[in-house]
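Colleague: For this one, chain E is given, so just place chain C on it according to the hints.
So the protein sequences, as listed, match chains E and C. All residue numbers for the first sequence refer to full-length UniProt numbering, where the first residue is 1 and numbers rise by one. All residue numbers for the second sequence refer to full-length UniProt numbering, where the first residue is 1 and numbers rise by one.
Careful, some of the hints might be misleading.
Pairs count within a copy or across copies, as identical chains cannot be separated in the list.
Computed list of lysine to any residue pairs in SDA-like fashion (alpha-carbon distance at most 20 Å, straight line) [said to hold, decoys possible]:
#, residue 1, residue 2
1, K54, K122
2, K54, T22
3, K125, Q149
4, K54, Q38
5, K122, I73
6, K160, Q52
7, K122, L50
8, K53, K122
9, K125, E63
10, K53, A24
11, K143, P48
12, K125, L67
13, K122, N68
14, K143, E156
15, K125, V66
16, K54, L85
Since the hints were made in silico from the structure, they are not lab data.
The lines below spell out each chain.
Protein chains: 2
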Amino acid sequence: MAKDIGLNAVEMQYLRLSLGLTQAQVADLTQTTEAEVQAWEAASADAPELAQKKLLDLDDVIEMQVLNTCDGIEALFKKEPKRRLAFVVYPTQALYQQYNPEFLGTLPLTELYNTAAWRIKKECKLVLEVDVTLVPLNVDSYKAFREAQGLGESRESRAKWAAAQL
Amino acid sequence: MAKDIGLNAVEMQYLRLSLGLTQAQVADLTQTTEAEVQAWEAASADAPELAQKKLLDLDDVIEMQVLNTCDGIEALFKKEPKRRLAFVVYPTQALYQQYNPEFLGTLPLTELYNTAAWRIKKECKLVLEVDVTLVPLNVDSYKAFREAQGLGESRESRAKWAAAQL
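Just chain E, same shape as in the assembly (with noise of 0.2 Å):
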């Protein structure tokens, strides 16, 4: 059933899982039907070498982007040590979208950024003894907070308003 080198069913559903997709999102970031998602998972066709790229792909931007940031918080904490730390989540796709347009080439996702922060959250937690919480933003609270602190929409200034949040 299983190709030589590819994802075999069990594999493919266990990936879609970490990544904290549904397969109706799998469906829609491999351009296949919710139905092809179901049948390769249920062992009864090969998922599309395509579709097994392309959430192995995000998997490895995810992790990347774990080992990136949790490099950043250390360079950080060398010059400023600190045992918690604020991580702005987006709660919507639109409030994702509107605040990172440069994320939505790699990670297009709302849940793919969460899936990425939860597993920041772990390694920070493990590796640097940070106790990092991921803060949905909050528009309203956000915009009273610049208002009061006079500062611009920058990714400086929601890192401020979510370390406020703690």
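Modeller: The following block gives chain C in isolation, referenced to the frame of chain E:
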């Protein structure tokens, strides 16, 4: 909303997803209800500390199993270098319970075992450059194999059967 130490809504959701579990399974594992799990993932209630601890403990058990298994594979391969390996998984909860009673205390669901298996596959590829294939146990094929080879039921026999499926 979030407690000072505990996990918040999005963290509980992505912890669950990273374990490959449904809300119903988390409700069973944590002796809560699906409605409660939905509520804490929607940030309309805090997850009970016991529930948080249960899921974090399961994640720790899985990470430990990943480390131990990869260490075991590395030690084995110093004697007998291979680039491919089969790892048996269990397609139903009934088969999982029948063949792995010793795991039920720590990883009670076959989905948790599969999540561990997927992480083992990833880690072995990354660290040892070994291709692990997850092979769902096929009872009929396994019994025929044992008869043909004159083998009793054991973890080793299952591993031999799985290796023959590659």
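Colleague: Confirm or reject each hint.
Modeller: Checked hints:
{"no.": "1", "hint": "K54 / K122", "result": "between (24 Å within a copy, 16 Å between copies)"}
{"no.": "2", "hint": "K54 / T22", "result": "within (15 Å within a copy, 24 Å between copies)"}
{"no.": "3", "hint": "K125 / Q149", "result": "neither (31 Å within a copy, 48 Å between copies)"}
{"no.": "4", "hint": "K54 / Q38", "result": "within (17 Å within a copy, 30 Å between copies)"}
{"no.": "5", "hint": "K122 / I73", "result": "within (13 Å within a copy, 25 Å between copies)"}
{"no.": "6", "hint": "K160 / Q52", "result": "neither (38 Å within a copy, 27 Å between copies)"}
{"no.": "7", "hint": "K122 / L50", "result": "between (30 Å within a copy, 19 Å between copies)"}
{"no.": "8", "hint": "K53 / K122", "result": "between (25 Å within a copy, 14 Å between copies)"}
{"no.": "9", "hint": "K125 / E63", "result": "both (16 Å within a copy, 14 Å between copies)"}
{"no.": "10", "hint": "K53 / A24", "result": "within (17 Å within a copy, 31 Å between copies)"}
{"no.": "11", "hint": "K143 / P48", "result": "neither (45 Å within a copy, 32 Å between copies)"}
{"no.": "12", "hint": "K125 / L67", "result": "both (13 Å within a copy, 17 Å between copies)"}
{"no.": "13", "hint": "K122 / N68", "result": "both (14 Å within a copy, 19 Å between copies)"}
{"no.": "14", "hint": "K143 / E156", "result": "within (14 Å within a copy, 61 Å between copies)"}
{"no.": "15", "hint": "K125 / V66", "result": "both (12 Å within a copy, 18 Å between copies)"}
{"no.": "16", "hint": "K54 / L85", "result": "neither (31 Å within a copy, 24 Å between copies)"}
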